[in-house]
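K.L.:
For reference, the chains in residue letters:
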Amino acid sequence: MRGEREHVQVGDSRSMVVVESLTRTQIVMYAGASGDYNPLHTDEVYAVQVAGYPSVFAHGMLSMGATARLLTDWFGDEELVSYGVRFVNQVWPGDTLTASATVAAIRVEGDARYADLTVNTVNQDGKPVVSGTATARLGS
Amino acid sequence: MTIERFPVEATHILMFSRAVGDPNPAYGGATGAVERPADAVAVAPPTFVVAGAQFDPDNPLRPRLGEPWFGSGREPSGAAREGGGMLHAEQHFEYHAPLRAGMELTAARRDGQSWEKQSKRGGLLRFSEAITEYRDAQSGALIVTARMVGVKTERPVAQEERA
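Residue numbers (the numbering used here), protein chains in the order written: chain S, 1 to 140; chain A, 1 to 163.
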């Protein structure tokens, strides 16, 4: 999958499953690694009884971080110039997330080429959870 | 928020990459067939800088010894929160230079714009923006700029209306 970025064209698209049946344990791992210990994400008692949600739900940043895998697998490490998303729906335990990215434009600036991408991640029902854009360096 | 010292460490990168489910050997996991040289320096995943929260002395989302915590213990909540929680609406990163294990960052956050929007299910939504600059602690060079948009809702809400 790596090393093909020189041949990237407008309209090229890739997708991959980045989270499979999300576990509460993975959410706990993300809390521990990121330092975001908001109990909405890891404390079912608090999330349900105090905050009024049906269960805990994933940090948006877990979904954004999982989605980034598609971009770095495709374009390589340290080639992203920008990456931004909106969190459009919550991600719940048991959800399976599929990320996809499509090349919307290829730009030349100076002696460098860049691919502008649309990025979308959906859950198992096809409902969008993360929606955004990224730009990757393509080399000269 | 100011973080005076955010050491970017290989173990932290490995734990973070596992938490987002990315087995890329560049993050030090080397769980698959692709082995990296033992002396290879782990690179940071694209969203790693948010883990600088670990080094924020005032991180409000980390329990502190001797202080009430709003999550559950004996009771469903240990402390009332002021004004309800903030949900994450958007996150944007600009990458100015590579980030690798062994580097040390500083982070300085400033408030951006704020705005309001009425939502049928969430009530009044209050959006606010914060921009954080992550710089190399030695050279002062800008490494990553992060822009976060948070939203406060009047009541719990599924997020589809927030766009």
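In short, the hints are calculated from the structure, not lab data. For glycine and all other residues, C-beta sits at the position ideal for the given N, C-alpha and C. Mixed in with the good hints, there may be bad ones.
Stated by the list, open to error - Here are the computed distance ranges between Cβ atoms for each label pair:
#1 S/Ala105 <-> A/Arg121: 29 to 39 angstroms
#2 A/Ala141 <-> S/Glu20: 20 to 30 angstroms
#3 S/Pro93 <-> A/Arg147: 41 to 51 angstroms
#4 A/Arg109 <-> S/Gln49: 27 to 37 angstroms
#5 A/Glu116 <-> S/Ser13: 31 to 41 angstroms
To be verified - Taking lysine-lysine and the DSSO-like style, the derived pairs with C-alpha atoms no more than 27 angstroms apart in a straight line are:
#6 A/Lys152 <-> A/Lys117
#7 A/Lys117 <-> S/Lys127
#8 A/Lys120 <-> S/Lys127
K.L.:
For the pair we were handed, A/Lys117 and S/Lys127, check the Cα-Cα distance against 27 angstroms.
P.N.:
holds (23 angstroms)
K.L.:
Is it true that S/Ala105 and A/Arg121 lie within 29 to 39 angstroms of each other by Cβ?
P.N.:
Holds, at about 35 angstroms.
K.L.:
Honestly, do S/Pro93 and A/Arg147 meet the 41 to 51 angstroms range at C-beta?
P.N.:
violated (29 angstroms)
K.L.:
Given a hint of 31 to 41 angstroms, does the C-beta separation of A/Glu116 and S/Ser13 actually sit inside it?
P.N.:
Given about 37 angstroms between the Cβ atoms, the range holds.
K.L.:
Taking 20 to 30 angstroms as the hint, is the beta-carbon distance of A/Ala141 and S/Glu20 inside that range?
P.N.:
Violated, since A/Ala141 and S/Glu20 (Cβ atoms, about 38 angstroms apart) do not stay within the stated range.
K.L.:
Need the status of pair A/Lys120, S/Lys127: alpha-carbon distance at most 27 angstroms?
P.N.:
holds (20 angstroms)
K.L.:
Within a Cα-Cα threshold of 27 angstroms, do A/Lys152 and A/Lys117 meet the stated pairing?
P.N.:
Holds. A/Lys152 to A/Lys117 sits at ~11 angstroms (cutoff 27 angstroms).
K.L.:
Go ahead and decide if the range 27 to 37 angstroms is satisfied by the Cβ distance of A/Arg109 to S/Gln49.
P.N.:
Cβ of A/Arg109 to Cβ of S/Gln49: about 32 angstroms, so the range 27 to 37 angstroms holds.
Hints 2, 3, counting from the list given before, are not met by this structure.
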